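A.B. asks: Given the structure of chain Z, go ahead and fit chain E onto it with the hints provided.
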Amino acid sequence: MAEARAAVLLVALLSVASCLPLGPAICLAQDRTGIPTPTPAPTSIPAPISAPDVGHSNAVSDADGEALRALASRHFEAIGRGVARLGVSDAPWGKAVLEALHDGRLAVGSDSDRIVIRENGVARDAVTGATLTGDALRRIRVNNRIRGAIRIALAERALRANDVSAREAAAMALYHHPGADALPVLDRAMSREKAASVKRALTLARAAIVLKTGAAPGQERAAVETLGKSGRLDARGLLAGVASSSSDPEIAGSARKAVASIDRRQRLWGIVQNVFYGASLGSVLMLAAMGLAVTFGVMGVINMAHGELMMIGAYATYATQYGLHRWLPGLETWSLAVAVPVAFGVCWLLGIAIEKGLIRFLYGRPLETLLATWGLSLCLQQLVRSLFGPTNVAVTTPSFLSGSVAIGGTEITIGRIAILVFSGCVMAGLLFILRRTRFGLQMRAVTQNRRMAALMGIRTARVDALTFGLGSGIAGLAGVAVSQIDNVSPNLGQGYIIDSFLVVVFGGVGNLWGTLAAAMTLGIGDKVLEPLIGAVSGKILLLVLVILYIQKHPRGMFPLRGRGVDS
Amino acid sequence: MKTSMDFRSVRLAAGLVLLLSAVLSLGSLLPQQGVFSVSPFVVTIVGKYLSYAFLALAIDLVWGFAGILTLGHAAFFALGGYAMGMYLTREIGARGVYGNAHLPDFMVFLSWSDLPWYWMGSEHFAVSVLLVLLVPGALAALFGWLAFRSRVSGVYLSIITQALTFALMLAFFQNGLGFGGNNGLTDFKDVLGFDLHQARTRAALLALTGVFLAGSLMLARWVVSGRFGRLLVAVRDAESRTRFMGYRPDHAKLLVWILSAMIAAVGGAFYVLQVGIINPGEFTPGNSIEAVIWVAVGGRGTLSGAVLGAVLVNFGKTLFTAWMPEFWLYGLGFLFIATTLFLPCGLVGLVGSMGGRAGRNARTDPTPELVEPGRDEE
Numbered sequence: 048m049a050e051a052r053a054a055v056l057l058v059a060l061l062s063v064a065s066c067l068p069l070g071p072a073i074c075l076a077q078d079r080t081g082i083p084t085p086t087p088a089p090t091s092i093p094a095p096i097s098a099p100d101v102g103h104s105n106a107v108s109d110a111d112g113e114a115l116r117a118l119a120s121r122h123f124e125a126i127g128r129g130v131a132r133l134g135v136s137d138a139p140w141g142k143a144v145l146e147a148l149h150d151g152r153l154a155v156g157s158d159s160d161r162i163v164i165r166e167n168g169v170a171r172d173a174v175t176g177a178t179l180t181g182d183a184l185r186r187i188r189v190n191n192r193i194r195g196a197i198r199i200a201l202a203e204r205a206l207r208a209n210d211v212s213a214r215e216a217a218a219m220a221l222y223h224h225p226g227a228d229a230l231p232v233l234d235r236a237m238s239r240e241k242a243a244s245v246k247r248a249l250t251l252a253r254a255a256i257v258l259k260t261g262a263a264p265g266q267e268r269a270a271v272e273t274l275g276k277s278g279r280l281d282a283r284g285l286l287a288g289v290a291s292s293s294s295d296p297e298i299a300g301s302a303r304k305a306v307a308s309i310d311r312r313q314r315l316w317g318i319v320q321n322v323f324y325g326a327s328l329g330s331v332l333m334l335a336a337m338g339l340a341v342t343f344g345v346m347g348v349i350n351m352a353h354g355e356l357m358m359i360g361a362y363a364t365y366a367t368q369y370g371l372h373r374w375l376p377g378l379e380t381w382s383l384a385v386a387v388p389v390a391f392g393v394c395w396l397l398g399i400a401i402e403k404g405l406i407r408f409l410y411g412r413p414l415e416t417l418l419a420t421w422g423l424s425l426c427l428q429q430l431v432r433s434l435f436g437p438t439n440v441a442v443t444t445p446s447f448l449s450g451s452v453a454i455g456g457t458e459i460t461i462g463r464i465a466i467l468v469f470s471g472c473v474m475a476g477l478l479f480i481l482r483r484t485r486f487g488l489q490m491r492a493v494t495q496n497r498r499m500a501a502l503m504g505i506r507t508a509r510v511d512a513l514t515f516g517l518g519s520g521i522a523g524l525a526g527v528a529v530s531q532i533d534n535v536s537p538n539l540g541q542g543y544i545i546d547s548f549l550v551v552v553f554g555g556v557g558n559l560w561g562t563l564a565a566a567m568t569l570g571i572g573d574k575v576l577e578p579l580i581g582a583v584s585g586k587i588l589l590l591v592l593v594i595l596y597i598q599k600h601p602r603g604m605f606p607l608r609g610r611g612v613d614s
Numbered sequence: 531m532k533t534s535m536d537f538r539s540v541r542l543a544a545g546l547v548l549l550l551s552a553v554l555s556l557g558s559l560l561p562q563q564g565v566f567s568v569s570p571f572v573v574t575i576v577g578k579y580l581s582y583a584f585l586a587l588a589i590d591l592v593w594g595f596a597g598i599l600t601l602g603h604a605a606f607f608a609l610g611g612y613a614m615g616m617y618l619t620r621e622i623g624a625r626g627v628y629g630n631a632h633l634p635d636f637m638v639f640l641s642w643s644d645l646p647w648y649w650m651g652s653e654h655f656a657v658s659v660l661l662v663l664l665v666p667g668a669l670a671a672l673f674g675w676l677a678f679r680s681r682v683s684g685v686y687l688s689i690i691t692q693a694l695t696f697a698l699m700l701a702f703f704q705n706g707l708g709f710g711g712n713n714g715l716t717d718f719k720d721v722l723g724f725d726l727h728q729a730r731t732r733a734a735l736l737a738l739t740g741v742f743l744a745g746s747l748m749l750a751r752w753v754v755s756g757r758f759g760r761l762l763v764a765v766r767d768a769e770s771r772t773r774f775m776g777y778r779p780d781h782a783k784l785l786v787w788i789l790s791a792m793i794a795a796v797g798g799a800f801y802v803l804q805v806g807i808i809n810p811g812e813f814t815p816g817n818s819i820e821a822v823i824w825v826a827v828g829g830r831g832t833l834s835g836a837v838l839g840a841v842l843v844n845f846g847k848t849l850f851t852a853w854m855p856e857f858w859l860y861g862l863g864f865l866f867i868a869t870t871l872f873l874p875c876g877l878v879g880l881v882g883s884m885g886g887r888a889g890r891n892a893r894t895d896p897t898p899e900l901v902e903p904g905r906d907e908e
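Line by line, the protein sequences are chains Z and E.
Everything in the first sequence is counted per our numbering, starting at 48 for the first residue and increasing by one.
Everything in the second sequence is counted per our numbering, starting at 531 for the first residue and increasing by one.
For reference, chain Z alone in the conformation it holds in the complex (with noise of 0.2 Å):
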């Protein structure tokens, strides 16, 4: 409780102090004094933290006084002595003993058997956590055997702590590390453990063990086989060396067996894990193509400006951050959720400008559009090139955003999943906007004849424009997605607007799930392809495969069908 209060004030200070001149200078030394030293949690310790001058031995049971007294011996043994007890002791304090003793903090009394933590500079009893001053003091040496007893006992206490997670993740540091003389500790703990998680992760470590060390001859046969249930990819290479050099055939033959299953397994969650890039990479291509799309749809000719929206609304994203940062610190950890509305405000009426001042007067003329639209494109990028340099610019990324989650055997970053999710937000409101509103039924309309369309009332010109804006808003949002993967540089929308075209293109004009269909097949195809033949080499297979399949099926895959349609 009292280390959260710390750490709120802490933040507040922090934040405080990062608005004036001397920011850094005043965090450093909150950084000295305000953090509390990892002394033993004093709310933990029962009696004499109220009243300190009383001393310690009426906390320390027997058990614990030997341990304490073997510490302060000068003889290695009679320490390593006091290690093991205190590995099976429960005393609140005996973590931060074992601890400081592997750092080379722990000091006995000259005078005394009163055993000393020194902490920058300050030396507090261990079991008391009261400041002591003016006693002179002898550094207790350790040497590697005891160091590796403190792994151990350290281990063992963490192997009893209340938390499951904690228990779980003591024994795979075993597991990770194994060593002979963990086996009597994991044993302890697996006789009094309950949770089934835990007892998995126990055997685990005992069976890496068992085959690391030979510790357990006779053993051998069943720790391979637990390790190779495990289907897990760092006890591959346990295994494959048990197989290779175990006198035992039949111990070499069951570890050969499951190194194989391992391998198959791996190969089977590699080829999960890339479906789920290529879905990941297919929804960024389905953000950046679906206002292209839209456009296409309306206007039919590809909007060469659109990768350059997509950069602007990466832009937005880092103005958004910076200005928050500055003036409203206390919004920062949203500052994405503000980007999306203000990218999207920006490339709408942008898109809305370009549409009045260039669109409209090359309509008719879909191949002079392109070029324009073009010409628009190179004038953007310099623009922001003048406005904000040549080079990237640093978007953040929430923490809530980053990091990742293992699913099965593959580790998935939150990121991408995230960019998953928003793309079938974003194509899930376009679809309602398309589907259930009257702008997108007249939409539609224009889209599917425009002359009707006007002789029905419908304004057309006032259509357009707000299509385009859409279409321009959406590269917006698509850029907000880009902003937490890709580096944020004037040259941004260049990587995406050939893939995109290819989308749209691929799937077929005017419809948002040929759209979708289109960027899973090619986003998924790229990184599938990518470990068979390359990545560039399956980039060129894809493209040369794509520009065949539209000989085929001129108008993509689903093709809009219609008499006002067909040229």
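Honestly, the hints are just simulated from the structure, not real lab data.
Treat the hints loosely; a few may be bogus.
Just a few of them, taken from the derived set where beta-carbon distance is under 8 Å, the chain Z residues facing chain E [claimed, not checked]:
| # | residue |
| --- | --- |
| 1 | Arg407 |
| 2 | Phe408 |
| 3 | Glu415 |
| 4 | Gly542 |
| 5 | Ile545 |
| 6 | Phe548 |
| 7 | Leu549 |
| 8 | Val552 |
| 9 | Leu559 |
| 10 | Gly585 |
| 11 | Val591 |
| 12 | Leu592 |
| 13 | Ile597 |
| 14 | Met604 |
| 15 | Phe605 |
Note that the structure is predicted; figures quoted are calculated from it, not measured.
For each residue, glycine too, the CB sits at the ideal point set by N, CA and C.
C.D. replies: Frame of chain Z, contents of chain E only:
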């Protein structure tokens, strides 16, 4: 649409090209520091402009007369360049950095033991000239046959031409393809035994470029001014109607497409001879789109306008990038916008409408060449 196939401006342009290249190459042979002497820099840069003019001419042939907006024509230009570059690379012989008489430097660097099969014969100039024409021609034939047969047109065709050049760019960036990867082919020494760094060789190359460009102009004029040209324009303006009348628009398009690819490739070959380097950057989709704007600026469907546009825009680029590099993109961007908005017939068309002669065959009423989905057109 005025269809009076009067291409007097083409003959004029061909004459001017010949005059320009002849004067400059002769001038470069005069002793330096003279009043009329021309610096080697000017010879190289004009040679580059004229090589680009081939590309513009090629694009005008397909865009201006067959209505195919290609956004990937620089691919053929670059392929022609690579074919010539292969010959020049073999000419280096043992004078490379590694002194290997059989392998180009980059292959020695990749520790390849022998030449890949597709480099066979590249040491002969005649074979290389054939490759310059045949490789881009074959690619164009394959691509065009597939595309025109299945009636891919309009924006769709534009996009897949762009995908084509993008795919080629990615492929040529690969070291494993055997064309020098990132660096491309460069550091050439001589051609047919003539030192490429000598003023005489360079003057001759510029003069040759001029002769070939003038020849290409006349060839293109001959192609579009006869019955075939009329068929092309019919395909451009009303493809379905032409088909219903019994013509084969796909055949007409394919023929002009292949011819256009070969003209672009010749330009690429002259480019490499004079600029001295060819690398995958030439395949960048942006390059092809830029080449389209040369044609638009000069005047689409005039042939002479393409050459004029290529030379003028590139001259402007040279000036701009030397004086205020950060404004070049603005300039180019506004050029695109202004040309499409205010100058649909290009400079030649502008002169034509003022003088009433030279640009008579320019497109004075830009009719939509594509009835795109969702838009009813008469």
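A.B. asks: With reference to the structure, classify each hint as holding or not holding.
C.D. replies: Against the structure, the hints:
| no. | hint | verdict |
| --- | --- | --- |
| 1 | Arg407 | violated, 10 Å |
| 2 | Phe408 | holds, 6 Å |
| 3 | Glu415 | holds, 4 Å |
| 4 | Gly542 | violated, 11 Å |
| 5 | Ile545 | holds, 5 Å |
| 6 | Phe548 | holds, 5 Å |
| 7 | Leu549 | holds, 6 Å |
| 8 | Val552 | holds, 5 Å |
| 9 | Leu559 | violated, 15 Å |
| 10 | Gly585 | violated, 10 Å |
| 11 | Val591 | holds, 6 Å |
| 12 | Leu592 | violated, 10 Å |
| 13 | Ile597 | holds, 6 Å |
| 14 | Met604 | violated, 13 Å |
| 15 | Phe605 | violated, 13 Å |
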